[in-house]
Amino acid sequence: MTQIKLSCRSAMHVALLVGALALSGCVTIPASIKGTSPNPAENLVSVRNAPEMYIGQEGRFGGKVISVFNEPEKTRLEIAVMPLNKYDAAPELNTVSEGRLYAYVNSFLEPTDFTGKYVTVVGTITGEKAGKIGEIPYNYITLAVTGLQRWNVMQRVMFPPVGPLGYGYYDYPPYYSHFYDPQQPWNWEPGYGYPVGSAAVETYLAQ
Numbered sequence: 232m233t234q235i236k237l238s239c240r241s242a243m244h245v246a247l248l249v250g251a252l253a254l255s256g257c258v259t260i261p262a263s264i265k266g267t268s269p270n271p272a273e274n275l276v277s278v279r280n281a282p283e284m285y286i287g288q289e290g291r292f293g294g295k296v297i298s299v300f301n302e303p304e305k306t307r308l309e310i311a312v313m314p315l316n317k318y319d320a321a322p323e324l325n326t327v328s329e330g331r332l333y334a335y336v337n338s339f340l341e342p343t344d345f346t347g348k349y350v351t352v353v354g355t356i357t358g359e360k361a362g363k364i365g366e367i368p369y370n371y372i373t374l375a376v377t378g379l380q381r382w383n384v385m386q387r388v389m390f391p392p393v394g395p396l397g398y399g400y401y402d403y404p405p406y407y408s409h410f411y412d413p414q415q416p417w418n419w420e421p422g423y424g425y426p427v428g429s430a431a432v433e434t435y436l437a438q
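The opening position of the sequence shown corresponds to residue 232 in my numbering, with each subsequent residue numbered one higher.
None of these hints come from the bench; they were simulated from the model. The beta-carbon is built from N, C-alpha and C at its ideal position, and this holds for glycine as well. Check before you lean on any hint, since a few could be wrong.
[Claimed, not checked] Using 25 angstroms as the maximum straight-line C-alpha spacing, the simulated DMTMM-like pairs for lysine to aspartate or glutamate come out as follows:
no.	residue 1	residue 2
1	K348	E366
2	K317	E366
3	K317	E304
4	K317	E433
5	K360	E433
6	K317	E302
7	K348	E359
8	K295	D319
9	K363	E433
10	K265	D319
11	K265	E359
12	K305	E359
13	K348	E304
14	K305	E341
15	K295	D344
16	K265	E323
17	K305	E433
18	K265	E309
19	K295	E433
20	K295	E273
21	K348	D319
22	K360	E273
23	K305	E273
24	K360	E309
25	K305	E283
26	K363	E273
27	K317	E341
28	K363	E341
29	K360	D319
30	K295	E341
31	K363	D319
32	K265	E366
33	K265	E289
34	K348	E289
35	K348	E283
36	K295	E366
[Claimed, not checked] Pair by pair, the computed Cβ-Cβ distance ranges are:
no.	residue 1	residue 2	range
37	A431	E283	44 to 50 angstroms
38	M284	E433	18 to 24 angstroms
39	V432	K363	36 to 42 angstroms
40	A281	Q386	24 to 30 angstroms
Turn these sequences into a full structure, and let the hints steer you where they fit.
Here it is as structure tokens:
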């Protein structure tokens, strides 16, 4: 019986590893925001501390669009910048803003399509522009956008993990499950599963 349990446990570990490798291989930065530099600037705090050192360099930033201002030949996006996900460069939800950015796009963008949405932009860092947040003066880093990705907010239900013996574990350690033993059919033995819990809803960004 012990050998059967260990085999099941090993199989579960292998399955999880294969699944993780498959998932990591499927997640890539969208072509629209890959840019041309292998290492674009992504830390807005560093850029704001020494903007003159970054002028002319490629930058990639993402976050929530606070406002959209249409100019005669371009559109200005005011973005509350957030850290980027290392896999697909989407903004990391539920993170603290690193500051704000003016991203200039050389086309008309409908304000209702972008205000309050999450985006990632890539382009050339061009300097700073004085502005205000409310009544507080603020220097915005400016970016000439060459690529833009708008993200959709999605949700998925995350069920508790299932051990090799399936559902049915009691919610107290060591999480007992009925493992059938022909010699002792009445016996309840510890299983290699997980505690029973309620499903959680995960919010994430996708193309």
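Do the hints match the structure? See the list:
1. K348 - E366: holds, 24 angstroms
2. K317 - E366: violated, 35 angstroms
3. K317 - E304: violated, 33 angstroms
4. K317 - E433: holds, 18 angstroms
5. K360 - E433: Distance of about 37 angstroms is beyond 25 angstroms: violated.
6. K317 - E302: Measuring from Cα to Cα gives roughly 33 angstroms; hence the hint is violated.
7. K348 - E359: Within the cut-off at roughly 23 angstroms; holds.
8. K295 - D319: holds, 16 angstroms
9. K363 - E433: violated, 34 angstroms
10. K265 - D319: holds, 10 angstroms
11. K265 - E359: Distance of about 23 angstroms is within 25 angstroms: holds.
12. K305 - E359: Measuring from Cα to Cα gives roughly 17 angstroms; hence the hint holds.
13. K348 - E304: Distance of about 22 angstroms is within 25 angstroms: holds.
14. K305 - E341: holds, 11 angstroms
15. K295 - D344: Holds: K295 and D344 sit about 12 angstroms apart, inside 25 angstroms.
16. K265 - E323: holds, 17 angstroms
17. K305 - E433: Given that 25 angstroms is the threshold and the Cα spacing comes to 36 angstroms, the pair is violated.
18. K265 - E309: holds, 21 angstroms
19. K295 - E433: Given pair K295, E433 holds - Cα atoms ~19 angstroms apart, limit 25 angstroms.
20. K295 - E273: holds, 15 angstroms
21. K348 - D319: holds, 17 angstroms
22. K360 - E273: holds, 19 angstroms
23. K305 - E273: holds, 23 angstroms
24. K360 - E309: holds, 12 angstroms
25. K305 - E283: holds, 24 angstroms
26. K363 - E273: holds, 23 angstroms
27. K317 - E341: Distance of about 29 angstroms is beyond 25 angstroms: violated.
28. K363 - E341: holds, 23 angstroms
29. K360 - D319: With Cα atoms ~29 angstroms apart, K360 and D319 exceed 25 angstroms; violated.
30. K295 - E341: holds, 16 angstroms
31. K363 - D319: violated, 31 angstroms
32. K265 - E366: violated, 36 angstroms
33. K265 - E289: Distance ~11 angstroms between K265 and E289 Cα, so the pair holds.
34. K348 - E289: holds, 23 angstroms
35. K348 - E283: violated, 29 angstroms
36. K295 - E366: Holds, at about 21 angstroms.
37. A431 - E283: 44 to 50 angstroms: holds, 46 angstroms
38. M284 - E433: 18 to 24 angstroms: For E433 against M284, whose Cβ atoms are near 38 angstroms apart, the range 18 to 24 angstroms is violated.
39. V432 - K363: 36 to 42 angstroms: holds, 37 angstroms
40. A281 - Q386: 24 to 30 angstroms: violated, 39 angstroms
In the structure shown, a violation is registered for the earlier hints numbered 2, 3, 5, 6, 9, 17, 27, 29, 31, 32, 35, 38 and 40, in ascending order.
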